[in-house]
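Input sequences plus hints: build the corresponding full structure.
Here is how the chains run, residue by residue.
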Amino acid sequence: MVDIGVGLIAIAAGLAVGLTGLASAIAEKDIGAAAVGAMTEDVSLFGKGLILTVLPETIVIFGLVIAILLIFVM
Amino acid sequence: MLLPESMSRIVIAGSRNRLPETIEAVYRLERAHLIDYSADDEGFSIGAPLPNGSKASERLLKIRAMLNELSIKDVSNRSPISAKEVRHLIESGSVEQLDEELFAVLDHRNKIVQEIADLESTAKDLEPLAQLPLTLDMYRGYESLRPFVGRVRHDPAELLREIEEKEFFLSDDGKFIALFVRKSDEDAAQRALSKAGFVETPVPEGEGSPQDMIVSRASKAEALKAELADADTKLEVLKERHMSFVASTEEELAIEVEKAETPLRIATSEYSFLMDAWVPTVDLEMSVAMLEQALQGHVSIDVAETRSRKLHDEEHVEKRFHKVPSKSSNGRYGKQFEYLTSLMSTPRYQESDPSFLIGIFLPMFFGIMLGDLGYAIVFIAAGYYGMKNWGSEEAKAVSSLMFFGGIWGAIFGVFMYGEMFGMHFIDHHHAMIPDWQAMLGMTFPAWVDNMTMGISKLDDVTLMLKLSVYIGIFHLFIGYIVGVFNMNTQHGFKHALVEKISWIMVLIGLSGLAWAVTTIMFSGVSPEGMLLYVLVVGAVLMLAGLAMVYTVEGINAILEIPGVVGNILSYTRLAAIAMSKAGMALAFNYISIIMIAGGLGGVLGLVFGFLIFLVGHLLVWVLALISCGLHGLRLQYVEFMTKFFVGGGDPYQPLRAKRQLTRAIETEV
Numbered sequence: 004m005v006d007i008g009v010g011l012i013a014i015a016a017g018l019a020v021g022l023t024g025l026a027s028a029i030a031e032k033d034i035g036a037a038a039v040g041a042m043t044e045d046v047s048l049f050g051k052g053l054i055l056t057v058l059p060e061t062i063v064i065f066g067l068v069i070a071i072l073l074i075f076v077m
Numbered sequence: 002m003l004l005p006e007s008m009s010r011i012v013i014a015g016s017r018n019r020l021p022e023t024i025e026a027v028y029r030l031e032r033a034h035l036i037d038y039s040a041d042d043e044g045f046s047i048g049a050p051l052p053n054g055s056k057a058s059e060r061l062l063k064i065r066a067m068l069n070e071l072s073i074k075d076v077s078n079r080s081p082i083s084a085k086e087v088r089h090l091i092e093s094g095s096v097e098q099l100d101e102e103l104f105a106v107l108d109h110r111n112k113i114v115q116e117i118a119d120l121e122s123t124a125k126d127l128e129p130l131a132q133l134p135l136t137l138d139m140y141r142g143y144e145s146l147r148p149f150v151g152r153v154r155h156d157p158a159e160l161l162r163e164i165e166e167k168e169f170f171l172s173d174d175g176k177f178i179a180l181f182v183r184k185s186d187e188d189a190a191q192r193a194l195s196k197a198g199f200v201e202t203p204v205p206e207g208e209g210s211p212q213d214m215i216v217s218r219a220s221k222a223e224a225l226k227a228e229l230a231d232a233d234t235k236l237e238v239l240k241e242r243h244m245s246f247v248a249s250t251e252e253e254l255a256i257e258v259e260k261a262e263t264p265l266r267i268a269t270s271e272y273s274f275l276m277d278a279w280v281p282t283v284d285l286e287m288s289v290a291m292l293e294q295a296l297q298g299h300v301s302i303d304v305a306e307t308r309s310r311k312l313h314d315e316e317h318v319e320k321r322f323h324k325v326p327s328k329s330s331n332g333r334y335g336k337q338f339e340y341l342t343s344l345m346s347t348p349r350y351q352e353s354d355p356s357f358l359i360g361i362f363l364p365m366f367f368g369i370m371l372g373d374l375g376y377a378i379v380f381i382a383a384g385y386y387g388m389k390n391w392g393s394e395e396a397k398a399v400s401s402l403m404f405f406g407g408i409w410g411a412i413f414g415v416f417m418y419g420e421m422f423g424m425h426f427i428d429h430h431h432a433m434i435p436d437w438q439a440m441l442g443m444t445f446p447a448w449v450d451n452m453t454m455g456i457s458k459l460d461d462v463t464l465m466l467k468l469s470v471y472i473g474i475f476h477l478f479i480g481y482i483v484g485v486f487n488m489n490t491q492h493g494f495k496h497a498l499v500e501k502i503s504w505i506m507v508l509i510g511l512s513g514l515a516w517a518v519t520t521i522m523f524s525g526v527s528p529e530g531m532l533l534y535v536l537v538v539g540a541v542l543m544l545a546g547l548a549m550v551y552t553v554e555g556i557n558a559i560l561e562i563p564g565v566v567g568n569i570l571s572y573t574r575l576a577a578i579a580m581s582k583a584g585m586a587l588a589f590n591y592i593s594i595i596m597i598a599g600g601l602g603g604v605l606g607l608v609f610g611f612l613i614f615l616v617g618h619l620l621v622w623v624l625a626l627i628s629c630g631l632h633g634l635r636l637q638y639v640e641f642m643t644k645f646f647v648g649g650g651d652p653y654q655p656l657r658a659k660r661q662l663t664r665a666i667e668t669e670v
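Respectively, the protein sequence lines represent chains A and B.
Each residue of the first sequence is one higher than the one before, counting from 4 in this note's numbering.
Each residue of the second sequence is one higher than the one before, counting from 2 in this note's numbering.
Quick caveat, the hints were computed from the structure, so don't treat them as lab data.
Be aware that one or more of the hints could be misleading.
[To be verified] Heads up, incomplete: computed chain A residues facing chain B, CB under 10 angstroms, no partners named:
#, residue
1, Leu11
2, Phe49
3, Lys51
4, Ile54
5, Val57
6, Leu58
7, Thr61
8, Ile64
9, Phe65
10, Val68
11, Leu72
12, Ile74
13, Phe75
[Unchecked claim] Quick list of simulated restraints, FRET-style, between CB atoms:
#, chain 1, residue 1, chain 2, residue 2, range
14, B, Glu316, A, Ala37, 35 to 43 angstroms
15, B, Tyr551, A, Asp33, 28 to 36 angstroms
16, A, Ala36, B, Glu22, 50 to 58 angstroms
Remember, it's a predicted structure, so these values are computed and weren't measured experimentally.
We put the beta carbon where it would ideally sit given N, CA and C, even for glycine.
This is the structure:
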């Protein structure tokens with residue numbers, strides 16, 4: 004029998020990654036669409052668009068860090 | 002070294018009839034960045050194009066049409082032709098001659114194509130008529146008869162019964178009809194036919210049976226097609242013979258037109274002209290001397306100013322002299338990363354070009370995240386190949402990132418992680434997958450183990466996270482230092498102190514404070530000695546820094562504190578991405594080595610396992626390029642460059658002839 008605390012940690016870690024992943028996805032969806040729109044007007048905006056699109060990735064990385072801390076440190 | 006090259010402004014003035022040779026001399030100098038004339042001074046206005054320009058553009062238009070028609074694309078591999086020779090050919094009217102020759106062939110060809118199309122379309126019209134036993138002249142020329150010729154959907158015999166006097170012919174399949182009725186019965190026939198779904202088709206001109214006409218037309222078309230092939234070979238021959246002439250003439254004429262239009266960017270009065278340009282200060286004396294020698298003192302060349310880096314110096318000059326073009330001086334290594342800076346913006350004249358720093362940190366971060374000798378070797382090879390063979394700027398930037406990132410990846414992979422393709426050289430942690438010792442069935446000598454720190458990305462998580470945060474603090478620190486430097490050059494030390502050094506204090510204070518607090522909280526150590534010292538100094542530094550920021554930014558200063566924390570934490574992506582790569586590699590290794598090669602066994606297991614190993618690691622490699630590259634770059638753009646970089650400068654573009662296919666000759670003017 005696994006300790007219930009371990010299970011809760013696992014759930015918490017999953018939520019941390021999953022929810023932040025969703026949040027990143029929602030943010031990137033809008034930015035990505037706008038970036039593609041801008042690119043159709045001016046192809047040289049590709050670089051800026053790419054950078055802007057990966058900006059919200061930070062959210063999920065924070066989530067991942069929390070999940071890692073939960074699993075490995077607690 | 003970080004600042005763009007110092008620039009000086011020169012003013013070239015002379016009488017208007019010297020303008021063409023002045024433009025020629027400035028083009029040959031290849032160092033003057035022309036400043037567009039936009040002011041509206043009394044007596045001066047924008048110049049008119051040189052007289053040779055209109056002829057040249059007319060010829061250029063012809064040549065470009067030829068380029069298009071002959072679909073000449075890439076001729077850059079040819080050895081360049083002398084520009085003098087090309088110009089001689091142009092002057093002797095070769096362009097017009099070739100234009101005539103080519104378009105004669107083209108017109109002829111188009112005519113043939115048109116004729117063939119006509120023949121084919123009438124042949125199509127004739128096809129159904131050939132099914133009826135009538136000659137073509139029988140379809141027309143009646144006074145009292147109205148012929149109906151066309152397709153029907155079904156047999157109209159039943160419907161036509163009420164028309165008494167009629168004659169009609171139906172094709173064998175009953176879908177094509179030729180009906181002849183009295184003109185008085187026209188309406189009735191029309192009604193009846195429309196019920197049968199009648200669609201009228203045109204009857205081609207001519208006499209005799211349609212059958213014969215189809216045959217004669219087909220043979221005519223055959224003959225024309227032979228002629229068409231003939232014209233095509235003629236075009237091909239023309240293309241072969243004149244390809245390099247057309248391409249090099251295009252280049253020469255484009256240069257001529259550009260030169261001829263240069264007066265549109267300078268100020269002219271009735272008898273004189275005035276030209277402003279930026280020249281790199283290091284080349285200033287040489288440039289002035291060269292121009293004076295070329296123009297033999299007929300034109301005056303004055304040095305107006307050598308611009309300092311202080312921003313308020315801009316305000317003392319006319320608006321069009323405000324911005325100074327940035328000629329970056331990053332050295333050979335930094336140059337390879339200029340493209341990445343330009344994706345963000347061109348550095349201003351007064352600020353540091355981040356390219357060199359990107360060149361240091363980006364490959365390093367890439368290496369930390371990659372941290373695997375196996376992938377690194379592939380990256381180095383691919384990057385080296387790309388640097389040698391790829392032409393476009395994007396591809397060059399990516400390949401130099403792969404090459405230098407690969408080198409750092411190998412360094413970290415060997416000395417820090419001791420890892421290749423997700424497997425450690427010597428495993429000290431978990432026995433889920435074998436290490437290279439077990440794979441190769443040998444024991445490595447002790448120095449292999451001593452050489453590497455043997456950090457496991459998946460097991461030493463806390464260490465990895467801490468390490469990335471420390472790297473982040475260091476990186477941000479460097480960013481603020483460059484900020485101090487920029488602020489000092491632009492506005493003086495006082496501004497640098499208040500606006501940038503203050504943030505360094507906040508950064509260091511905050512880091513110390515956070516370290517002390519987390520140590521006390523997690524380790525349960527009581528705050529005394531060293532720890533207490535760090536805690537207090539950190540808090541004081543941070544507050545002092547904040548107070549200084551407060552003087553310029555007001556209450557916003559407090560709102561920016563979480564931004565700094567966020568910036569630091571953002572660097573934990575270094576650990577997170579390293580872990581995710583290691584995790585994927587572990588999974589593929591487990592599947593291929595333990596589950597398939599180990600579980601299935603035998604030759605089949607080995608082959609299949611190896612295939613999975615290859616495909617899996619290829620996937621990880623591609624993902625490594627994307628995530629390590631992009632996230633590494635993002636750390637430069639978002640966290641690092643925002644500390645000092647504003648951008649929005651003009652790139653330095655000196656007037657010069659861009660020759661690829663032609664060769665300039667020094668003696669010609």
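These are the hints, each one checked on the structure:
Because the closest C-beta pair between Leu11 of chain A and chain B is about 19 angstroms apart, greater than 10 angstroms, the hint is violated. Of the supplied interface hints, the one on Phe49 of chain A holds, with its beta-carbon coming within about 8 angstroms of a beta-carbon of chain B, less than 10 angstroms. Hint on Lys51 of chain A holds. Least Cβ distance to chain B is approximately 7 angstroms, under the 10 angstroms limit. Below 10 angstroms, beta-carbon pairs count as interface contacts, and Ile54 of chain A has one with chain B at about 5 angstroms; its hint therefore holds.
Given hint, Val57 of chain A at the interface with chain B, holds; its Cβ is 5 angstroms from that chain's nearest Cβ, closer than 10 angstroms. Proximity of Leu58 of chain A to chain B holds as hinted, the smallest CB-CB distance being about 7 angstroms (cut-off 10 angstroms). Taking 10 angstroms as the C-beta cut-off, the interface hint given for Thr61 of chain A holds, the closest approach to chain B being about 5 angstroms. The beta carbon of Ile64 of chain A comes within 5 angstroms of a beta carbon in chain B, closer than 10 angstroms, and the hint placing it at the interface holds.
Interface hint status for Phe65 of chain A: upheld, as the beta-carbon distance to the closest one in chain B is roughly 6 angstroms, under 10 angstroms. At a threshold of 10 angstroms, the smallest CB-CB gap from Val68 of chain A to chain B is about 5 angstroms, leaving the interface hint in force. A distance limit of 10 angstroms between C-beta atoms decides the matter here; for Leu72 of chain A the minimum to chain B is near 8 angstroms, and the interface restraint holds. A least Cβ separation of about 8 angstroms between Ile74 of chain A and chain B falls short of the 10 angstroms threshold, and the interface hint therefore holds.
The interface hint given for Phe75 of chain A is met, as the beta carbon of that residue sits about 4 angstroms from the closest beta carbon of chain B, less than 10 angstroms. Between Glu316 of chain B and Ala37 of chain A the CB atoms are about 37 angstroms apart, so this pair conforms to the stated range of 35 to 43 angstroms. In this structure, Tyr551 of chain B and Asp33 of chain A meet the distance hint of 28 to 36 angstroms, their C-beta atoms being roughly 35 angstroms apart. Our hint of 50 to 58 angstroms for Ala36 of chain A and Glu22 of chain B holds, since their Cβ atoms are close to 55 angstroms apart.
Of the hints listed earlier, the one the structure fails to meet is number 1.
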